[in-house]
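Student: Keeping their order, the protein sequence lines are chains A and B. Going by our numbering, the first residue of the first sequence is number 4, and it counts up by one from there. Going by our numbering, the first residue of the second sequence is number 8, and it counts up by one from there.
FYI, nobody ran anything at the bench for these hints, they're computed from the structure. No residue lacks a Cβ here, since even glycine has one placed at the ideal position from N, Cα and C. Treat the hints with care, since some could be wrong.
[To be verified] Restricting the straight-line Cα-Cα distance to at most 35 Å, the calculated cross-link-like pairs of lysine-lysine (DSBU-like) are: (1) K76(B) with K71(A); (2) K81(A) with K10(B); (3) K59(B) with K10(B); (4) K105(B) with K81(A); (5) K76(B) with K27(A); (6) K10(B) with K105(B).
[Said to hold, decoys possible] Restraint ranges, calculated between C-beta atoms of paired labels, are given here: (7) M66(B) with P84(A): 16 to 24 Å; (8) N74(A) with S48(B): 23 to 31 Å; (9) G109(B) with T116(A): 22 to 30 Å; (10) T115(B) with E47(A): 23 to 31 Å; (11) L87(B) with S76(A): 21 to 29 Å; (12) N54(A) with S16(B): 21 to 29 Å.
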Amino acid sequence: DAGVIQSPRHEVTEMGQEVTLRCKPISGHDYLFWYRQTMMRGLELLIYFNNNVPIDDSGMPEDRFSAKMPNASFSTLKIQPSEPRDSAVYFCASSPGTRPLYEQYFGPGTRLTVT
Amino acid sequence: DAKTTQPTSMDCAEGRAANLPCNHSTISGNEYVYWYRQIHSQGPQYIIHGLKNNETNEMASLIITEDRKSSTLILPHATLRDTAVYYCIVRPISNDYKLSFGAGTTVTVRA
Numbered sequence: 004d005a006g007v008i009q010s011p012r013h014e015v016t017e018m019g020q021e022v023t024l025r026c027k028p029i030s031g032h033d034y035l036f037w038y039r040q041t042m043m044r045g046l047e048l049l050i051y052f053n054n055n056v057p058i059d060d061s062g063m064p065e066d067r068f069s070a071k072m073p074n075a076s077f078s079t080l081k082i083q084p085s086e087p088r089d090s091a092v093y094f095c096a097s098s099p100g101t102r103p104l105y106e107q108y109f110g111p112g113t114r115l116t117v118t
Numbered sequence: 008d009a010k011t012t013q014p015t016s017m018d019c020a021e022g023r024a025a026n027l028p029c030n031h032s033t034i035s036g037n038e039y040v041y042w043y044r045q046i047h048s049q050g051p052q053y054i055i056h057g058l059k060n061n062e063t064n065e066m067a068s069l070i071i072t073e074d075r076k077s078s079t080l081i082l083p084h085a086t087l088r089d090t091a092v093y094y095c096i097v098r099p100i101s102n103d104y105k106l107s108f109g110a111g112t113t114v115t116v117r118a
């Protein structure tokens, strides 16, 4: 298996532009997670899905952020409009949800820079 | 979830065992101890987990004290590729799939 795939790996955009990050989870995994990592705040969970349904979005910072999972093999995280403080590395992870392991497999991340 | 305390950083010599401590004095009976690591410019990677018994896999060993208030992750023969940030996470057995990452321990393996 190729693991969790994220695209793009790097994104540079100007403030006010829309940004869309993409994730393909590992086939057969029922759970998908979006995290954000910054030097100041560390690794934070933004939202997670179970069977394509958002379960907990309490970590989404504000209405400018939205996430979708239209099918079991694809998810997007959208920021509109983007701001410089959104600059971070965004990770997608998936999990088979096997109790009690809850092991999560992380993708390589997307490094977002908003100027 | 119970809070964990880890040293900020530590060095170890290549080929030697690396012992990474973690304190979780407020851990409750239904909480597991998990370890993840993050190599530079990569996503976090699962290492091992345990409840109260010591555990071993191909990557590491996990030693949990009898009172469960602390644990030690052991990398038996550290290599340069083990240089990473190591996170100790405590979480309950539940339907909550969240992982709360703290600051972790930055481990540098030196030749």
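Student: Hint by hint, note whether the structure agrees.
Tutor: Outcome of the hint check:
| no. | hint | in the structure |
| --- | --- | --- |
| 1 | K76(B) with K71(A) | violated, 40 Å |
| 2 | K81(A) with K10(B) | holds, 32 Å |
| 3 | K59(B) with K10(B) | holds, 17 Å |
| 4 | K105(B) with K81(A) | holds, 21 Å |
| 5 | K76(B) with K27(A) | violated, 38 Å |
| 6 | K10(B) with K105(B) | holds, 14 Å |
| 7 | M66(B) with P84(A): 16 to 24 Å | violated, 42 Å |
| 8 | N74(A) with S48(B): 23 to 31 Å | holds, 29 Å |
| 9 | G109(B) with T116(A): 22 to 30 Å | holds, 26 Å |
| 10 | T115(B) with E47(A): 23 to 31 Å | holds, 25 Å |
| 11 | L87(B) with S76(A): 21 to 29 Å | violated, 36 Å |
| 12 | N54(A) with S16(B): 21 to 29 Å | violated, 40 Å |
When held up to the earlier numbered hints, the structure conflicts with 1, 5, 7, 11 and 12 and fits the remainder.
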